[in-house]
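K.L.:
The chain contents come next:
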Amino acid sequence: MKVLVTVKEVAEVEDDFEIADLDIDPRYLEYDLNEWDEYAVEAAVQLAEASDEDVEVVSATIGPERSEETVRMALAKGVDRAVRIWDDDIEAAEFLDVASKVRLLEAVVAEEDPDLVLTGVQANDTGFGATGVALADAVGFEWGAVVNHLDTEGVLEDGVAHVHRELEGGIDEITEIDLPAVLTIQTGINEPRYASLRGIRQAQSKEIAPKALSDLGLDHEAVAGELFLTDMYEPEAESDATYFDGDAGEQASQLATALREKGVGAE
Amino acid sequence: MSPDVLAVAEHRRGDVREVSYELVTAGRELADATGGDLHVAVISGRIDEFTTRLDLEGVDRIHTVDHGEEFNHDVYTQVVCALADELDPQYVLAPNSVNGLDYAPAVANRLGLPLVTDAVGIEYDGGLTVTREMYGSKVETTVEVDAERAVATIRPGEWVTTEAIGDAEVTPFEFEVDESAVNSEVTGFEEVAGGDVDIADAEVLVSVGRGIEEEENIKLVERLADALGATLSSSRPIVDNGWLPKNRQVGQSGKVVTPKVYIAIGISGAVQHVAGMKGSETIVAVNNDPNAPIFDIADYGVVGDLFDVVPALIEQFE
Numbered sequence: 000m001k002v003l004v005t006v007k008e009v010a011e012v013e014d015d016f017e018i019a020d021l022d023i024d025p026r027y028l029e030y031d032l033n034e035w036d037e038y039a040v041e042a043a044v045q046l047a048e049a050s051d052e053d054v055e056v057v058s059a060t061i062g063p064e065r066s067e068e069t070v071r072m073a074l075a076k077g078v079d080r081a082v083r084i085w086d087d088d089i090e091a092a093e094f095l096d097v098a099s100k101v102r103l104l105e106a107v108v109a110e111e112d113p114d115l116v117l118t119g120v121q122a123n124d125t126g127f128g129a130t131g132v133a134l135a136d137a138v139g140f141e142w143g144a145v146v147n148h149l150d151t152e153g154v155l156e157d158g159v160a161h162v163h164r165e166l167e168g169g170i171d172e173i174t175e176i177d178l179p180a181v182l183t184i185q186t187g188i189n190e191p192r193y194a195s196l197r198g199i200r201q202a203q204s205k206e207i208a209p210k211a212l213s214d215l216g217l218d219h220e221a222v223a224g225e226l227f228l229t230d231m232y233e234p235e236a237e238s239d240a241t242y243f244d245g246d247a248g249e250q251a252s253q254l255a256t257a258l259r260e261k262g263v264g265a266e
Numbered sequence: 000m001s002p003d004v005l006a007v008a009e010h011r012r013g014d015v016r017e018v019s020y021e022l023v024t025a026g027r028e029l030a031d032a033t034g035g036d037l038h039v040a041v042i043s044g045r046i047d048e049f050t051t052r053l054d055l056e057g058v059d060r061i062h063t064v065d066h067g068e069e070f071n072h073d074v075y076t077q078v079v080c081a082l083a084d085e086l087d088p089q090y091v092l093a094p095n096s097v098n099g100l101d102y103a104p105a106v107a108n109r110l111g112l113p114l115v116t117d118a119v120g121i122e123y124d125g126g127l128t129v130t131r132e133m134y135g136s137k138v139e140t141t142v143e144v145d146a147e148r149a150v151a152t153i154r155p156g157e158w159v160t161t162e163a164i165g166d167a168e169v170t171p172f173e174f175e176v177d178e179s180a181v182n183s184e185v186t187g188f189e190e191v192a193g194g195d196v197d198i199a200d201a202e203v204l205v206s207v208g209r210g211i212e213e214e215e216n217i218k219l220v221e222r223l224a225d226a227l228g229a230t231l232s233s234s235r236p237i238v239d240n241g242w243l244p245k246n247r248q249v250g251q252s253g254k255v256v257t258p259k260v261y262i263a264i265g266i267s268g269a270v271q272h273v274a275g276m277k278g279s280e281t282i283v284a285v286n287n288d289p290n291a292p293i294f295d296i297a298d299y300g301v302v303g304d305l306f307d308v309v310p311a312l313i314e315q316f317e
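Protein chains in written order, with numbering that gives the first Met the number 0: chain H, 0 to 266; chain X, 0 to 317.
Note that these hints are calculated values from the structure, not bench results.
Where hints are given, some of them may not hold.
[Claimed, not checked] Straight-line Cα separation of at most 35 Å, DSBU-like style, residue types lysine-lysine; simulated pairs: (1) X/K218 - X/K254; (2) H/K1 - H/K210; (3) X/K218 - X/K277; (4) X/K218 - X/K259; (5) H/K205 - X/K254; (6) H/K261 - X/K218; (7) X/K277 - X/K259; (8) X/K277 - H/K205; (9) X/K254 - X/K277; (10) H/K261 - X/K277; (11) H/K205 - H/K1.
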């Protein structure tokens, strides 16, 4: 049995930054494993651990060679092997929209034939939140979006995932989803493990298979999306807040006065 | 293709959700620009009641499909695709909600249309341009859609609503759901924000966010809450880390709170958090990033290190 988990290296922006052309100047970016994907990786590894059968956990990434560092983190936490999709045509694509990503991942699903696919709910950089569900529909799998609880016991054997989907306003929807399926995983669903030293060492020898479009039976048309980024700017600050100046003591003193005026702290 | 817009309303547990009314506004604006009609789809639940509530100024036609009590993404995907085949609208709009994101991507895939999610602005000038945020709301972008037709989801809270009653034509949409393609079943709901304290009742909330860095540092903010006679709440990452229980979480997926005073400590102000506390009477923000979005909605701002400011504030009140 097999669980495929998609992982993405995302760019995180420093507090102060500059925009260069249509993106943030790379000097102000740091790269990390997408927060939602960390939980998806943990869920995948827990499913494998909970199963009596032999379960392989494979990760799939769309990203340049640099992203192998992120992929190694997933391998160190229990992913068995990884697939990394990239080539010059993908690099040249102006904006990888949902449909383009789905075409790439669809080819991986066809090759790997997993029983279950896990993705993060969204990526912290682009925030589209759509790839998992679109992928499920493309490959004819069932799906569940924004899963924040998953009973890991018996999912793969029974072919049914008992999940909670986190709705707005503190309400969970309880749903049964037939496998094969794609689940998009919400933060907080589990406690992602730290990579052990042994895991980090083992990760070095695990396979990260690079795949070009041609390896997946695709050509440059696969990444010819229909969305184009045309502008990027810092939103205008709308703040009309009263700011308190001075050192921390002075700021606290002024704030205390304002709070007391509002009746805070009065016995 | 018609220049029409199809907006898919959302409801839950017998109520039309607010974002449905915002969809009517966004859909009307877009239909005015394309020169088409605004169609609203009402699928499942209390169809008659929902239809009455959604018959608002600007809605041309309401299509109803009576199927089950609650949202089911397999049913929604089938119905919206069938309606889109029948009406051939230029644009399909859905809410950027948990449920919207549970069917809109499948609809876009099945119809072979591009999808833009989480729109905070939509413009049409012979083509669709969507404004949306990236990098955790640090930047805004415009995205041009190079296609005649598209699916878009709109962020809740970005469009005004109208209560003006309309005169829409209501048509039951004759459609047989393929039950063999319904492979998921909603079996119930669970309130997860219960527990010992209801933060929605508090008059003063001291709320802690990711800036607190370590679990043991929560004690510092707890001490401040005690000194102020306030209740302790938090943003999502604190609950995700298991540092505070779920019933303390303020935000879209936690509690919506409207206290007299809301003090946000080390909270950057992600849109999901702001959705849960923007109705507070007075908002105080303490954050070391002067560009943190929380300052946009704050009445009082302290730009500084919370590990200096909070102890100094405790000293003022203890």
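K.L.:
Each hint should be assessed against the structure and marked as holding or not.
P.N.:
Here's how the hints hold up against the structure:
no., hint, verdict
1, X/K218 - X/K254, "holds (22 Å)"
2, H/K1 - H/K210, "holds (19 Å)"
3, X/K218 - X/K277, "holds (25 Å)"
4, X/K218 - X/K259, "holds (23 Å)"
5, H/K205 - X/K254, "violated (43 Å)"
6, H/K261 - X/K218, "holds (25 Å)"
7, X/K277 - X/K259, "holds (11 Å)"
8, X/K277 - H/K205, "violated (48 Å)"
9, X/K254 - X/K277, "holds (12 Å)"
10, H/K261 - X/K277, "holds (18 Å)"
11, H/K205 - H/K1, "holds (17 Å)"
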